[in-house]
Each structure stands twice: as C-alpha cells, then as structure tokens.
Amino acid sequence: DGGITQSPKYLFRKEGQNVTLSCEQNLNHDAMYWYRQDPGQGLRLIYYSQIVNDFQKGDIAEGYSVSREKKESFPLTVTSAQKNPTAFYLCAASSGGAHLYTDTQYFGPGTRLTVL
Amino acid sequence: GNSVTQMEGPVTLSEEAFLTINCTYTATGYPSLFWYVQYPGEGLQLLLKATKADDKGSNKGFEATYRKETTSFHLEKGSVQVSDSAVYFCALRTGAGSYQLTFGKGTKLSVIP
Numbered sequence: 001d002g003g004i005t006q007s008p009k010y011l012f013r014k015e016g017q018n019v020t021l022s023c024e025q026n027l028n029h030d031a032m033y034w035y036r037q038d039p040g041q042g043l044r045l046i047y048y049s050q051i052v053n054d055f056q057k058g059d060i061a062e063g064y065s066v067s068r069e070k071k072e073s074f075p076l077t078v079t080s081a082q083k084n085p086t087a088f089y090l091c092a093a094s095s096g097g098a099h100l101y102t103d104t105q106y107f108g109p110g111t112r113l114t115v116l
Numbered sequence: 117g118n119s120v121t122q123m124e125g126p127v128t129l130s131e132e133a134f135l136t137i138n139c140t141y142t143a144t145g146y147p148s149l150f151w152y153v154q155y156p157g158e159g160l161q162l163l164l165k166a167t168k169a170d171d172k173g174s175n176k177g178f179e180a181t182y183r184k185e186t187t188s189f190h191l192e193k194g195s196v197q198v199s200d201s202a203v204y205f206c207a208l209r210t211g212a213g214s215y216q217l218t219f220g221k222g223t224k225l226s227v228i229p
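Those sequence lines, one after another, are chains A and B. Just so you know, we're using my numbering here: the first sequence kicks off at 1 and counts up by one. Just so you know, we're using my numbering here: the second sequence kicks off at 117 and counts up by one.
Don't read these hints as lab results, they were simulated from the structure. It should be emphasised that the depicted structure is a prediction, and the values quoted were computed from it without experimental measurement. Hints are not guaranteed to be accurate.
To be verified - Computed far set for chain A versus chain B, every beta-carbon distance over 10 Å:
1) 22
2) 44
3) 69
4) 71
What the hints assert, rightly or not - Only pairs whose alpha carbons sit at most 25 Å apart, straight line, appear in this in silico DSS-like list of lysine-lysine:
5) B:221 - A:57
6) A:83 - B:221
7) B:221 - B:184
8) A:9 - A:83
9) B:172 - B:184
10) A:14 - A:83
11) B:221 - B:172
12) A:9 - B:224
13) B:176 - B:224
14) B:221 - A:9
15) A:57 - A:83
16) B:221 - B:193
Each residue gets a CB set at the ideal place from its N, CA and C atoms; glycine is no exception.
Isolated chain B, as found in the complex (with noise of 0.2 Å):
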C-alpha cells in the first residue's frame, strides 16, 4: 500500500534558519506529491506540489523537488519566519483509480525570534 514518513517533529528554530524537512514515500506507480501546511485551529492548505519526476514545486519561498531515485520530497526554505510557524503535511496520490491522498503525521514547526 501507499505510505508517507515525515520526521518527527517538532522543529524548533530560530528565525532565519535554513528549513529541511524530510519526506519519504512508498506508492505503487508514479504518485503525485504535496505539501500541505496547518497554522494552529485551521484547515489544510495546498503549500506546493509536484506532478512528476524531477518537478520542483515552490511557493512563498518554500521549494521541495520530487525525486523517483530516492522516493523523497523534502520541504526546504532558506530563510524562515515567526510567520512560518505550523504544522507541515506531506502527501501522495497515485493514478490508480483513487481520490485518496494518503498523508504522513505531520512536522510541527516552531520558529523563535
């Protein structure tokens, strides 16, 4: 079956730190990937997302590229915000038929001024 593993969190930084947070997947032919992004006591939004191989979505600063070779889609930001401060969401969905997205745990991220 589909699986997504985040690191486990929470991620503390400092503002202005560099952001990585490892994504890896297991999927039954070519998935599609997300970021998803949840500030405290809200719903889900779309962060970034990438449709095939070697694709880099990007969006407010934050970029992952979805790599086959590795099965990873690691979430980067070069330089992070107080503002950035939520929980991250990494999922798939395959072509197989299904609506579904299959989500990891989350990565709670806390930057500190």
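The shape of chain A in the complex, shown without the other chains (with noise of 0.2 Å):
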C-alpha cells in the first residue's frame, strides 16, 4: 500500500516548545515538500527537497527547520522562533526528475498543529 504518512494527526504545543512533524513516504519519489495551510489561504510552501541530504526554503521558511538524511523521511520541525504555528500542515512527494513541471505532487492525510 503505497502512500505518504504523516505523524501524528493531531499535535498540542505549549509555547515556546519546539516540536517535530513526520512525514514518511514509500513512493521511492525523489523530491518532498512541506506546506502551511491556514483557514481560507491557499496552500504555502515551507521547505522542499530534491535529494537526498540538499533541500531548499521556501516561501515561509522562517522558524522552520527540516532534513533530509533518508530518501523516504522529511521531517518538519516548528521552533519556538515561529510566531504563529497553528496551522495545518502538508507533505508531499512528487517523482521530480527530468519531468520535474509536469510531475504530480501526493499529498500526505496533514497533521493540524495547535499551540496551546
């Protein structure tokens, strides 16, 4: 059953916390994405990576922390430097590659992330 998982799906911060979102995939795809989703807002892109061990900012990149050390995990780490963290949050994976524009994105089922 292929797929991308994410962990867990309901998560509670006290301020001033860092915390981790997983995000697991065994699509074997190369590339891996975290986005922000708030009410009414489109979707915002947070990190992404192409390879292995190399990611990139987004367009929100700031009081967010990601790696990349295995193909198949790209975990999301909230720090206390994000200002307003509550929000639901997105990871995808696409086949990248040379077909990079016009290869689909699958999204993981989120994980909404409250700070209490």
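These two chains come separately, so use the hints to put the complex back together.
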C-alpha cells in the first residue's frame, strides 16, 4: 500500500517549545515538500527537498527547519521562533527528475498543530 | 511572479446541478496546471491536470481545459453529487527549474440533496 504518512494527526504544543512533524513516503520519490495551510488560504510552501541531504527554503521558511537524511523521510521542526505556528501542515512527494514541472505531487493526510 | 486566482466561495449547489469553478493564472513561460480536491480533515488529492495549451484534463466526471489565450483552467462537472462536497484548489507549476506548486486560495463546494 504505497503512499505518504504523516504523524501525528493532531499535535498540541505549548508556547516556546519546539515540535517535530513526521513525514514518511514509500513511493520511492526523489522530491519532498512541506506546505502550511491556514483557514481560507491556499497552501504555502515552507521547504522542499529534491534529493537526499539537500533542501531549499520555500516562501515561508522562517521559524522552521528540516532534514533529509533518508529518501523516504522528511521531518519538519516547528521552532519557538515561529510566531504563529497554529495551522494544518501538509507533506507531499513527487518523482521529480527530468519531468519536474509536469509530475504530480502526492499529499499526505496532514497534521493539525495547535499552540496552547 | 506566478499567481492563481480562483472564484470566491463558498458555492452551494443542488444535487445534479452544473458546476463551474473559475481559475485564472499569471505565470512566466508555459505552466502545467492542476486541480486538487480536499475533503474535510484530509490532505489534497490530485483531481486532474493539463501540461500544455488546449489539453483537457478529466477525472470522475470533472473536466478542465488549458486555455492559453485566456490564461484560464476552469473546472466543470455536468451533474454534481453530495459526495463532491469539498474544497477545490487550482494550482500551477512552471518549468523554470523549481518544483514549487503555486496554489489558489481554494473554493469550498457544498452540494445539498
């Protein structure tokens, strides 16, 4: 059963704490992404990674960090420097490579983070 | 820069009504265009896509045609069902070396029996 898994589904954090959101894929895709979704808004790109051990900032990277030590995993850490972290976070993966702008991004089910 | 503009929602239709959700874009070069659907509490699923001008994407009764002359990619369905109630996102990606998708703000569709 191929796909993208995100855990946990719901996450609560106290102000001032760092928290890490998990994203795992078994699609054997090279590229992975993190998006943030706020109510009534489209998705905004936080970070993306084209290959292992490489990642690039997206439009709203401040207050977030990522790592890509394995092809199948792309965890996102929301740091205490993120001023408004309450949101729905979505991870995606795509095959990338030579067909980078026509290939499809597949999304996980998301993690809803709430800061108390 | 790239941008996507979708019609404001929410949209409420009766079952079996005709659906149109407008989407227009601004982009450098020749983008690929996508429609994604998000059901309540879930991630996004690809609904359909088109990668060049005049292509028509279709899936599950939904269709959209890539119109370069009007920079549009409107989503249509001839007869909606209650199960189509969701948020629909239009998105684009250009071939300028980036993997990024640029999304519209989404249009919420509610279909009532």
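Exercise for review: Compare the structure with the hints numbered earlier in the document and write down the numbers of the violated ones, lowest to highest.
Suggested key: Going through the list in order, the structure violates hint 2 alone and respects the others.
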